[in-house]
Amino acid sequence: MANIAAQRIKREFKEVIKSEEVAKCAIKVELVNDNYTELKGEIAGPPDTPYEGGNFILEIKVPETYPFNPPKVRFITKIWHPNISSVTGAICLDILKDQWAAAMTLRTVLLSLQALLSAAEPDDPQDAVVAKQFKENAEMFHLTACHWTNIYAGGPSVNKDFDDKIKKLVEMGVDEHEARVALSSYNWDMERATEQLFS
Amino acid sequence: MQQLFFFGKHTISNTLNIYIKTSNGSTLSMNLNPQWDIKNVKEIVGPKLGLQPEELKIIFAGKELSDTVIIADCDLGQCSVLHAVKTKRPVKFDNSGVFSEELEDVGSKPLCETLKDLSNNEDLPDNNQQPKAHFYVYCATCKAMKQGKLRVRCHFCKSGAFTVHSDPQSWTDVLESKRITGQCENRPEECENILNNTEPTFADFYFKCAEHTSLGEDDEAVPLFLVRSNVRSIPCLACGDVCNPILVFPCLEGHVTCLECFNVYCSSRLRDRQFYQHAEYGYTLPCPTGCEHSYITEVHHFRLLSEPQYAQYQKFATEEYVLNAGGVLCPQPNCGMGIIPEGDCRKIACIGGCGFVFCRLCLQGYHIGPCDLPDPDNTDRKDCDYNVDPVRASQARWDEASKVTIKVSTKPCPKCKTPTERDGGCMHMVCTRSGCGFNWCWVCQTPWTRDCMGSHWFG
Numbered sequence: 000m001a002n003i004a005a006q007r008i009k010r011e012f013k014e015v016i017k018s019e020e021v022a023k024c025a026i027k028v029e030l031v032n033d034n035y036t037e038l039k040g041e042i043a044g045p046p047d048t049p050y051e052g053g054n055f056i057l058e059i060k061v062p063e064t065y066p067f068n069p070p071k072v073r074f075i076t077k078i079w080h081p082n083i084s085s086v087t088g089a090i091c092l093d094i095l096k097d098q099w100a101a102a103m104t105l106r107t108v109l110l111s112l113q114a115l116l117s118a119a120e121p122d123d124p125q126d127a128v129v130a131k132q133f134k135e136n137a138e139m140f141h142l143t144a145c146h147w148t149n150i151y152a153g154g155p156s157v158n159k160d161f162d163d164k165i166k167k168l169v170e171m172g173v174d175e176h177e178a179r180v181a182l183s184s185y186n187w188d189m190e191r192a193t194e195q196l197f198s
Numbered sequence: 000m001q002q003l004f005f006f007g008k009h010t011i012s013n014t015l016n017i018y019i020k021t022s023n024g025s026t027l028s029m030n031l032n033p034q035w036d037i038k039n040v041k042e043i044v045g046p047k048l049g050l051q052p053e054e055l056k057i058i059f060a061g062k063e064l065s066d067t068v069i070i071a072d073c074d075l076g077q078c079s080v081l082h083a084v085k086t087k088r089p090v091k092f093d094n095s096g097v098f099s100e101e102l103e104d105v106g107s108k109p110l111c112e113t114l115k116d117l118s119n120n121e122d123l124p125d126n127n128q129q130p131k132a133h134f135y136v137y138c139a140t141c142k143a144m145k146q147g148k149l150r151v152r153c154h155f156c157k158s159g160a161f162t163v164h165s166d167p168q169s170w171t172d173v174l175e176s177k178r179i180t181g182q183c184e185n186r187p188e189e190c191e192n193i194l195n196n197t198e199p200t201f202a203d204f205y206f207k208c209a210e211h212t213s214l215g216e217d218d219e220a221v222p223l224f225l226v227r228s229n230v231r232s233i234p235c236l237a238c239g240d241v242c243n244p245i246l247v248f249p250c251l252e253g254h255v256t257c258l259e260c261f262n263v264y265c266s267s268r269l270r271d272r273q274f275y276q277h278a279e280y281g282y283t284l285p286c287p288t289g290c291e292h293s294y295i296t297e298v299h300h301f302r303l304l305s306e307p308q309y310a311q312y313q314k315f316a317t318e319e320y321v322l323n324a325g326g327v328l329c330p331q332p333n334c335g336m337g338i339i340p341e342g343d344c345r346k347i348a349c350i351g352g353c354g355f356v357f358c359r360l361c362l363q364g365y366h367i368g369p370c371d372l373p374d375p376d377n378t379d380r381k382d383c384d385y386n387v388d389p390v391r392a393s394q395a396r397w398d399e400a401s402k403v404t405i406k407v408s409t410k411p412c413p414k415c416k417t418p419t420e421r422d423g424g425c426m427h428m429v430c431t432r433s434g435c436g437f438n439w440c441w442v443c444q445t446p447w448t449r450d451c452m453g454s455h456w457f458g
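Residue numbers (numbering that gives the first Met the number 0), protein chains in the order written: chain A, 0 to 198; chain B, 0 to 458.
Think of the hints as simulated: they come from the structure by calculation, not from any bench.
One or more hints might be untrue.
[Unchecked claim] Under the rule of at most 27 Å between Cα atoms (straight-line distance), these lysine-lysine pairs were calculated in the DSS-like manner:
#1 B:142 to B:314
#2 A:27 to A:17
#3 A:17 to A:39
#4 B:414 to A:96
#5 A:60 to B:410
#6 A:23 to A:13
#7 B:410 to A:96
#8 B:406 to A:96
#9 A:167 to A:131
#10 B:416 to B:406
#11 A:39 to A:77
#12 A:39 to A:27
#13 B:410 to A:71
#14 A:27 to A:96
#15 A:134 to A:164
#16 A:96 to B:416
#17 A:96 to A:9
#18 A:71 to A:39
[Claimed, not checked] Label-pair distances were calculated between CB atoms; the ranges are:
#19 B:211 to A:118: 53 to 61 Å
#20 B:325 to A:174: 52 to 60 Å
#21 A:31 to B:175: 48 to 56 Å
#22 A:86 to B:448: 16 to 24 Å
#23 B:421 to A:2: 26 to 34 Å
#24 A:75 to B:359: 46 to 54 Å
#25 B:414 to A:172: 45 to 53 Å
#26 B:415 to A:102: 28 to 36 Å
#27 A:114 to B:310: 42 to 50 Å
[Unchecked claim] Chain A stretches covered by chain B per the calculated footprint, using a threshold of three residues with CB under 8 Å from any CB of chain B:
#28 100-107
#29 125-132
For every residue, glycine included, the Cβ atom is placed at its ideal position computed from N, Cα and C.
Just chain A, same shape as in the assembly:
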């Protein structure tokens, strides 16, 4: 890795560590290796969103040409959100693509992602299924996102109905995560989810 990228990441790492957001436990960053090419980020789900109470882990890969090219960031923690792939955790956010600017930092990236959790942009959706639900069935979206936060990110809200439905599918021999994806995609309609899983 070029010196500049490592040097810069070192500074930004310190900036995050010292930031007031860390003090408030809103964001966190850890080193994955010694040469600053990969980091582990963590953001707390913002209050008054379905993500509240959850902690979301991020994979941050720093390219050699950083900061002139954006870091590659994806969610490790599975999440139900219109702009984030429920399959790969890939993020659709302009500042991580063509709107990246060399003056942005790890801290601003983490805060932008946290903001994305507060305000989804469903017109530029990474996950079309989630986006459709977000726009057409807001209540169902909220429940589903809360459930995912509970299961994968340690969120507090348990949904007994959803858990039972998944349990039934698991008993039929379906992988738990696959069952959850299918049910979430079909607004927790057992029949349609089963149809899709066994077709």
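Starting from the structure of chain A, add chain B where the hints point.
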């Protein structure tokens, strides 16, 4: 102490070889002691021209030098040129002459002493505490960025025997012509009348390399005016270090990078072919923080790249120019000749290059009839007359390996045909070639639609 003193004396007694151009057109070569003042010079030059020392003006870099100026303070290099002209001032004891206002203070300090660090912004307050000006130039002789020296000549007759009425206050004053007026001492009558007195006589500013011995008055260097001394200790926006010199981008905020980071910025953009072909400035880059109106206007700044990278920069710039002008690049490996064909003819011959004749549309060898779009499953010829193992034949072709790699791992942008590789992420492609930016679907190889979004976002 004694020794130190002698050592010091020894170094300063090094003579400067200087040329003095006189108003009658002759050039004198002189060895000057850097500790001398201008009065000493006048005393030597005067008799050679048959003039009293008091009748002489010594002009250098747009300033008439006063008698008390020391040679060493003048920013003179070896083989620099001073100009000696006969003064029109009434000599001695005459206080009633037309030039009376100039009489009290004859001449001034050299330009390098009076000039403040030029700002790119014209409206910065004139601050007397600003340090002396430093200029950086790209020197074609040294093939590198060097410190530069600002010089002045007459806009019309190009003679260095020229004095400015005022110092330039900004880079605009220096870089744009007809900003600063002055007095031509070479052919004042002609230069003043050249436009029938409709315009004053203007100064022309140019730069020389401070590193190498001047090769004459035509030995100019290109000013890299975005490179500046970091007098305000601004940290680099990329690495955060306070370096010197720095590059100040021409955006409103004046974002700063160190030269090392500028180099990394340029080479990463060059590698991704992300320079922008600007109609006015050429193949260039904006400020890395994405500011508006921040394109580098003087492309010589890219001379800060290494030699091979600069060569690549020139190649890409030429290619982009050809493509923007509706031309094509010869598809033969190791050729790549730029061809701007006339008319709509589909048959293109690489004249002046490798001689390859190809189809403008599919960039394959020229053919009659419609283009045969490559079928990814079957790249081998079927019409071979004798038995050849198709596997062996396909392995035994020159350049085949790279062609196959490109064919297998890339798809062409539907708009500009640039082979594009997808290294993860979703199926939504945005063409990275500057000026294209086409949104397309990796699966359909058509424009990106909401249907693509719904049915095969991740394949």
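message: Against the range 53 to 61 Å, how does the distance between the Cβ atoms of residue 211 of chain B and residue 118 of chain A compare: consistent or not?
response: holds (60 Å)
query: Does residue 71 of chain A pair with residue 39 of chain A here, judged by a C-alpha cut-off of 27 Å?
result: Holds, at roughly 12 Å.
message: Verify the CB-CB distance for residue 31 of chain A and residue 175 of chain B against the hinted window 48 to 56 Å.
response: holds (52 Å)
query: Is 28 to 36 Å right for how far apart the beta carbons of residue 415 of chain B and residue 102 of chain A are?
result: Between residue 415 of chain B and residue 102 of chain A, where Cβ atoms are some 30 Å apart, the hint holds.
task: Mind checking the alpha carbons of residue 416 of chain B and residue 406 of chain B for me, to see if they're no more than 27 Å apart?
output: holds (12 Å)
message: Please check whether residue 421 of chain B and residue 2 of chain A have a Cβ separation lying inside 26 to 34 Å.
response: Taking Cβ atoms as reference, residue 421 of chain B and residue 2 of chain A lie about 30 Å apart, which means the hint holds.
- request: Starting from residue 96 of chain A, check that the Cα of residue 9 of chain A is at most 27 Å away, please.
  value: holds (22 Å)
query: Within 27 Å, alpha carbon to alpha carbon, are residue 167 of chain A and residue 131 of chain A?
result: Holds, at roughly 26 Å.
task: State whether the coverage of the segment 125-132 of chain A by chain B holds or is violated, taking the criterion as 3 or more residues with Cβ-Cβ distances under 8 Å.
output: holds (count 4)
- prompt: When you check the alpha-carbon spacing of residue 39 of chain A and residue 77 of chain A, does it fall within 27 Å?
  reply: This hinted pair holds, its Cα atoms lying about 15 Å apart.
Hinted pair residue 410 of chain B and residue 71 of chain A, Cα distance within 27 Å: holds (23 Å)
- prompt: Does the structure keep residue 134 of chain A and residue 164 of chain A at a Cα separation of 27 Å or less?
  reply: The given pair, whose Cα atoms are some 24 Å apart, holds under the 27 Å limit.
When each numbered hint is compared with the structure, no violation occurs for any of them.
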